[in-house]
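Add chain D to chain S, keeping to what the hints say.
Chains as they are written, first to last, in the numbering used here: chain S, 27 to 139; chain D, 10 to 122.
Simulated from the structure, these hints should not be mistaken for laboratory data.
Check the hints yourself; a few may be wrong.
Not everything, but these chain D residues come out facing chain S in the computed CB check (under 8 Å) [as the list claims (entries may be wrong)]:
#	residue
1	M50
2	V59
3	G62
4	I103
5	E110
6	P115
If we take Cβ atoms under 7 Å as the criterion, some of the chain D residues that face chain S in the derived model are [claimed, not checked]:
#	residue
7	Y40
8	G51
9	L52
10	L54
11	F99
12	F113
13	G114
14	G116
Glycine included, every Cβ here is placed at the ideal spot set by N, Cα and C.
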Amino acid sequence: QQQVKQSPQSLIVQKGGISIINCAYENTAFDYFPWYQQFPGKGPALLIAIRPDVSEKKEGRFTISFNKSAKQFSLHIMDSQPGDSATYFCAAIPGGGSEKLVFGKGTKLTVNP
Amino acid sequence: NAGVTQTPKFRILKIGQSMTLQCAQDMNHNYMYWYRQDPGMGLKLIYYSVGAGITDKGEVPNGYNVSRSTTEDFPLRLELAAPSQTSVYFCASIQDGLGNEQFFGPGTRLTVL
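In isolation and in its complexed conformation, chain S is listed as follows:
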């Protein structure tokens, strides 16, 4: 049972364009939503994260939009650069204190020069 659904599976954008990755969840016990970036041969690294009491969070070119009622959240990468080419994972952490990450299946982003 996939608890966090992520789309699209792959995404190709041109340099300077906007990349948008979407995620949806069912479990209302989730109370923290991080995004991870992974380059080939490396472990995932935290990119940006949001709590459900906030509708949007921006850090540089990266923005998370969060819709609690729809149980959806998305990552927007503005002015996409070839260096942003990586696999992006959305994730969710349920309350309870264990901080266990539940990951989406990932989106492979390619930014063409």
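For chain D alone, kept in the frame of chain S given last:
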């Protein structure tokens, strides 16, 4: 700080062999995790630990065992390797408290033939 370290980087096992994947962190984190990553499937939690002497199963624990005798180390044991355990394994750690970053190691690529 070295962060989260994993050894070995690569390993090929024959069916039925056993091995231990090593994970260590020098950040004094209480919480540690083992994930496996299969192509197109995201990361799935195998086992986790919220402190020395405390371990618990994640989503896919079958075929694996863990121990946590110290805060720093969290080894993952495969007793009877099977082809289904061919994957990339990531260890991660986090300081307790929601909202803190979960740090990942560089991964171990395991092939079972």
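At a threshold of 7 Å, is the proposed contact between D/F99 and chain S supported by beta-carbon distances? holds (5 Å)
Given D/V59 as an interface hint, is its Cβ closer than 8 Å to any Cβ of chain S? Constraint on D/V59 satisfied, holds at 6 Å.
Let me know if the C-beta of D/G114 comes in closer than 7 Å to any C-beta of chain S, holds or violated. holds (6 Å)
With chain S as the partner, please determine if D/M50 meets the hint condition of a C-beta pair closer than 8 Å. holds (6 Å)
Against chain S, is D/G62 within 8 Å by beta-carbon distance? Because about 16 Å separates D/G62 from the closest Cβ in chain S, which is outside the 8 Å limit, the hint is violated.
Hint D/G116 vs chain S: min CB-CB distance below 7 Å? Holds, because the Cβ-Cβ distance from D/G116 to chain S comes to roughly 5 Å (cut-off 7 Å).
Is the interface hint for D/E110 satisfied, with its Cβ closer than 8 Å to some Cβ of chain S? Hint on D/E110: holds, closest Cβ of chain S at ~5 Å, below 8 Å.
Close enough to count: is the Cβ of D/L54 nearer than 7 Å to one in chain S? Holds, about 6 Å.
So, as I understand it, the hint says D/P115 touches chain S; can you test that by seeing if any CB pair is closer than 8 Å? holds (5 Å)
Proposed interface contact between D/I103 and chain S, which counts if any beta carbon pair is under 8 Å: Holds: closest Cβ of chain S sits about 5 Å from D/I103, inside 8 Å.
Return the status of the interface hint for D/Y40: holds when the least beta-carbon distance to chain S is below 7 Å, violated otherwise. Given a least distance of 6 Å, the restraint on D/Y40 holds.
Once the shortest beta carbon distance from D/F113 to chain S is found, is it less than 7 Å? holds (3 Å)
In the structure shown, a violation is registered for the earlier hint numbered 3 alone.
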